[in-house]
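Asks: Spelled out, the chains give:
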Amino acid sequence: MTVIRSEKDPDNLTLTIVAEFDAAPDVVWDVWEDPRKLERWWGPPTFPATFTRHDFMVGGQSRYHMTGPNGETPRGWWQIDAIDKPRRIDFLNGLAGDDGEPLPQLPPMSGSVTFESTESGTRMTAVTNFTDTEQMQAMLERGMQEGMTQAIGQIDALLLSPATHV
Amino acid sequence: MVVDGLSEAEADRVFHAMADKTRRDILARVVLHEQSVSSLSRQYEMSFAAVQKHVAVLEHAELVGKHRQGREQIVRANTSTLRRAVELLDSYEQLWVQRAKQITELLTSEKGEADDRHPL
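Protein sequences appear in the order of chains A and B.
All residue numbers for the first sequence refer to our numbering, where the first residue is 1 and numbers rise by one.
All residue numbers for the second sequence refer to our numbering, where the first residue is 1 and numbers rise by one.
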C-alpha cells in the first residue's frame with residue numbers, strides 16, 4: 001500500500017494525497033522531470049498520457065494528450081511555477097483544446113508536490129487546489145471517469161485503514 | 001470527512017450507501033450525467049433489479065433522486081454544493097491513488113532493470 005493518507009477539504013476544494021515509495025527522493029523526482037517516465041503514470045491505465053512538450057523549468061510549459069479506449073484524445077497542459085529540486089514542484093494543470101493550447105475560459109487547477117526523505121525512501125505529498133466544481137467536472141467529463149473507477153479497490157483499502165479520512 | 005448538518009440516522013444511511021463499491025460507482029456516474037436505471041444496468045454485470053436495488057439505497061440516503069421520463073426512470077445526484085464537492089474530490093482521490101500505484105510500479109520495474117544490469 002503506497003498511499004498512506006488522503007484528505008479532502010470540500011470547503012476549500014483541496015485534495016491532499018500522501019504516498020510513500022521505496023526509492024530515494026531524487027529517483028522519485030525523476031518520474032516527474034523525465035517526460036518518458038511521467039507519461040507512464042500521469043494518465044489512468046486506459047487513458048495513457050503522451051507528453052509532446054515538457055519544459056521542466058520555472059515558467060516552463062508542458063503539453064500532453066491522453067489516448068482513451070475509443071480513440072478519444074483529451075488534451076491538457078502544465079505550467080511550472082516553482083522548482084526546488086528534489087524537494088518541491090508547483091505547477092498549474094489545465095485543459096487544452098483540440099489544438100493542444102490552453103482553453104482560456106477554464107481556470108487551471110494548481111498542484112504542489114513535495115518530497116521528503118524517510119527511512120525507507122520518500123514521502124510524496126501532492127496537494128491539488130481547485131477553483132470551482134465546474135472546473136472539477138470539466139476535467140472528469142473528458143472521459144477519465146472510466147479509467148479512474150479502476151482504482152476503487154484501492155480506495156476500499158484506504159477506507160478500511162484508520163486515520164485515513166479526516 | 002465533513003458530515004454537515006446530517007442527523008446521526010441520516011449519516012448512518014449515507015455511510016451504509018457509500019460502503020458498497022457498486023453504489024459508489026453509480027453515484028460517481030450520475031454526478032457527471034443523470035441517466036436511466038436501464039442505462040446504468042447495462043454498465044454492470046448484474047440484473048436490472050439488482051441495480052435498481054442499489055439505486056434505492058442511494059435514494060434512501062438522499063444521495064440521488066429519481067424522476068420519470070416516459071417509460072424510463074432517470075437517476076440524478078442530489079447536489080448540495082458541499083456534497084457535490086465531496087463527490088468530485090472522491091473522483092480525483094481515485095485518480096491520485098491510481099497515479100501513486102503507477103509510480104510504484106514504474107519505480108519497481110526500474111529497480112528490477114538496474115539489478116539486471118548490475119548483478120550482485
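These are calculated hints, taken from the structure and not from any lab test.
One or more hints might be untrue.
[As the list claims (entries may be wrong)] Below, computed lysine to aspartate or glutamate pairings styled on DMTMM-like, alpha-carbon distance capped at 25 Å:
(1) B:K66 / A:D9
(2) B:K101 / A:D99
(3) A:K85 / A:E119
(4) B:K66 / B:D25
(5) B:K101 / A:D98
(6) B:K101 / A:D22
(7) B:K66 / B:D20
(8) B:K21 / A:E33
(9) A:K85 / A:E134
(10) B:K101 / A:D90
(11) B:K101 / B:E62
(12) B:K111 / B:E62
(13) B:K21 / A:E141
(14) A:K37 / B:D12
(15) B:K101 / A:D30
(16) A:K37 / B:E59
(17) B:K101 / B:D25
(18) A:K85 / A:E141
(19) B:K53 / B:E110
(20) A:K37 / B:D116
(21) A:K37 / A:E134
(22) A:K85 / A:E39
(23) B:K21 / A:E116
(24) A:K37 / A:D22
(25) B:K53 / B:D12
(26) A:K37 / A:D9
(27) B:K111 / A:E134
(28) A:K85 / B:E110
[Said to hold, decoys possible] Computed, partial: chain A to chain B, Cβ under 10 Å:
(29) K37
(30) W41
(31) W77
(32) I80
(33) M124
From a predicted model like this one, the values you see are computed outputs, not experimental measurements.
Note that CB positions come from ideal geometry on N, CA and C, so glycine has one too.
Asks: For each hint, tell me whether it holds in the structure or not.
Replies: Each hint, compared with the structure:
1. B:K66 / A:D9: This hinted pair is violated, its Cα atoms lying about 28 Å apart.
2. B:K101 / A:D99: violated (31 Å)
3. A:K85 / A:E119: Holds, because 19 Å separates the two Cα atoms, which is no more than 25 Å.
4. B:K66 / B:D25: Between B:K66 and B:D25 the Cα gap is close to 17 Å, so the pair holds against 25 Å.
5. B:K101 / A:D98: Status violated; Cα separation ~29 Å.
6. B:K101 / A:D22: Roughly 12 Å separates the two Cα atoms, so the pair holds.
7. B:K66 / B:D20: holds (20 Å)
8. B:K21 / A:E33: Violated. B:K21 to A:E33 sits at ~35 Å, over the 25 Å cutoff.
9. A:K85 / A:E134: violated (33 Å)
10. B:K101 / A:D90: holds (21 Å)
11. B:K101 / B:E62: The hint is violated at about 33 Å.
12. B:K111 / B:E62: violated (48 Å)
13. B:K21 / A:E141: Between B:K21 and A:E141 the Cα gap is close to 21 Å, so the pair holds against 25 Å.
14. A:K37 / B:D12: violated (43 Å)
15. B:K101 / A:D30: Status holds; Cα separation ~16 Å.
16. A:K37 / B:E59: Violated, at about 43 Å.
17. B:K101 / B:D25: Given that 25 Å is the threshold and the Cα spacing comes to 20 Å, the pair holds.
18. A:K85 / A:E141: At roughly 33 Å apart (the allowed maximum being 25 Å), A:E141 and A:K85 break the hint.
19. B:K53 / B:E110: violated (46 Å)
20. A:K37 / B:D116: Distance ~19 Å between A:K37 and B:D116 Cα, so the pair holds.
21. A:K37 / A:E134: Violated, at roughly 30 Å.
22. A:K85 / A:E39: holds (20 Å)
23. B:K21 / A:E116: violated (33 Å)
24. A:K37 / A:D22: Distance ~17 Å between A:K37 and A:D22 Cα, so the pair holds.
25. B:K53 / B:D12: holds (18 Å)
26. A:K37 / A:D9: Not satisfied, since the Cα-Cα distance of roughly 30 Å exceeds 25 Å.
27. B:K111 / A:E134: violated (41 Å)
28. A:K85 / B:E110: Within the cut-off at roughly 21 Å; holds.
29. K37: This hint holds: A:K37 lies near chain B, its Cβ roughly 6 Å from the closest one there, short of 10 Å.
30. W41: Constraint on A:W41 satisfied, holds at 4 Å.
31. W77: violated (17 Å)
32. I80: Status violated, d = 18 Å.
33. M124: holds (8 Å)
The structure is inconsistent with the numbered hints 1, 2, 5, 8, 9, 11, 12, 14, 16, 18, 19, 21, 23, 26, 27, 31, 32, although it conforms to all the rest.
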